[in-house]
Amino acid sequence: MQRWLDHAVTPPQLLPDTVDGTLAYLTQVLGHACYEAWTLLRVKQIYPSLGDAKAAKPALFQLLLAHQQVIEWWQGGRLRCAPADQAPKQQDVLKQLLASHRRRFQTVDGDLPPAAEVDGVLGWITLVDGRTPVSLHAWLCGSIGRFQNHDVATNTLAAVDDASALVLFLQERASRSRHTLRAYANDLRKLIEWCRDRQYGPLSDLTRTDLLAYKHQLSEHRVSTDDDGSQQIKGAGESTLARAMAVVASLYQYWYDTGYLIANPAAGLLSGTQVRTGFVPTRFLPPAALAVCDLMMARAVAQTDNLTQRRRQAIWALFRYGGVRLAELAWDSRTNLPRIESDDEGRWALYVMGKGDKQRVVPLPDVAIGPIKAYRVARGLSSSLSRFEVIPLIHGFKGGSLMESGLYAEVKAIFVEAGGALAIDSPVRAVLLASASPHWLRHAYARALVVDHKVPLTVAQSLLGHASIQTTAGYAKTDLSQLREFVDLSFKAGHS
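For the sequence shown, UniProt numbering begins at 1 and goes up steadily by one.
Don't take every hint at face value.
[As the list claims (entries may be wrong)] Below 25 Å or equal to it, Euclidean Cα-Cα: the simulated DSS-like pairs (lysine-lysine) are:
| id | residue 1 | residue 2 |
| --- | --- | --- |
| 1 | LYS95 | LYS355 |
| 2 | LYS412 | LYS454 |
| 3 | LYS57 | LYS44 |
| 4 | LYS373 | LYS398 |
| 5 | LYS190 | LYS355 |
Derived by calculation from the structure, the hints in this document are not laboratory data.
From just these sequences and the hints, can you work out the full model?
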């Protein structure tokens, strides 16, 4: 059987090596049945009465009255059932499930290393390169770098190759938060791809000249072609360049400090890189543009009231009135977050896992509750909340939950549609909406708190989940309109 890796867990892990085991694993992580065999005896063991079983699974119960065994399987975003002799084979169902979740479950290329290595090092390597982890593992271990320390007395990291040394770095320096881990892995992947394209490496073999060349390559401007055929000159921003080089410098400093390297080729590499001294948010949507999006969403639901539109409206409400980050709205089965709970007075609050794996509670206003209730009803759930629910807040039509890329696409679709409606009357706003992303709604939420309603910074910091109050204070920096208002109030006619 071909081996598969689950990329939605940290570190990614191998799926079981049997069809039964893999289907059982998928049932657990996707939150719905994948392939189950039912008999009347099993029904009696699971449900308190036959009446309860009939109410819960009417189609399956009806088939069991005429057939000894009925198979229930997941296909096309919902459960189906048929007599055992008419149902598809387990292998076929498994193949369809893995194909429908191909971004999450991917095959492992090449021959697998020993089992212990797969469960350990390779799982972490997959974070850096999810498509060809075995190839990357071989590249990291294929040769000895010129700066690698072979003296076991001074190599306190006890790593014998770049693969194990890289994993130890990720575990110790980047695993506090899944956001940090993902960012570190992404920046390290860029460095490794640059090395492999030029046949450099492994990482412990790179010289200072190599790293400076990589830094120069990151800062170079490139010509890119948009979907409409127009060309633009783009380059990495100062903050992007600084973050990427900070990760590289941190890796080599860690390796040098622990004795894995005899020299640090990245020493002083950050000199000349601009350090951000203050946060000044600039990506805002004006209230008028947000109002257009609200109106477009309401009209879409009124014209086509189906599950697809209800889901999109709920997603919009959560981003618009929850001020959450994109990753915070992607459901994690291990923590059952994000989720919504209500207090004794019926007031709703959104629970999310923020940066640093810190849980945050965001009260939801009444304007957000209506769309979420309507979405729950469209899903076949009760409009009221249950404290015992362990289901994705936003479901995926192919099963499981809608993850970050899907959430991004839903919000982006709203921006694109609203921008299209403004293309003639307000082309400037149309262009602004076309470039907007879900994080712009977080900025709008923060600005509404800090600037429009003068919410105390400590309260806004708690709602936004900022580690530093200086970040929250960035939204309080005055703009020209505020300065004009203050001057007008200070020097009214007839007053000095």
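Open item on the list: Against the 25 Å threshold, does the CA-CA distance of LYS190 and LYS355 hold or violate the hint?
Closed with: Within the cut-off at roughly 23 Å; holds.
Task: Given hint LYS454 paired with LYS412 - CA-CA distance at most 25 Å - done: violated, 29 Å
Task: Pair hint outcome, LYS57 versus LYS44 [Cα-Cα no greater than 25 Å] - done: Roughly 13 Å separates the two Cα atoms, so the pair holds.
TODO: Please work out if LYS95 and LYS355 have their alpha carbons no farther apart than 25 Å.
DONE: Measuring from Cα to Cα gives roughly 35 Å; hence the hint is violated.
Task: Pairwise hint evaluation, LYS398 against LYS373, where the allowed Cα distance is 25 Å at most - done: holds, 22 Å
Violated hints for the displayed structure, listed by number in ascending order: 1, 2.
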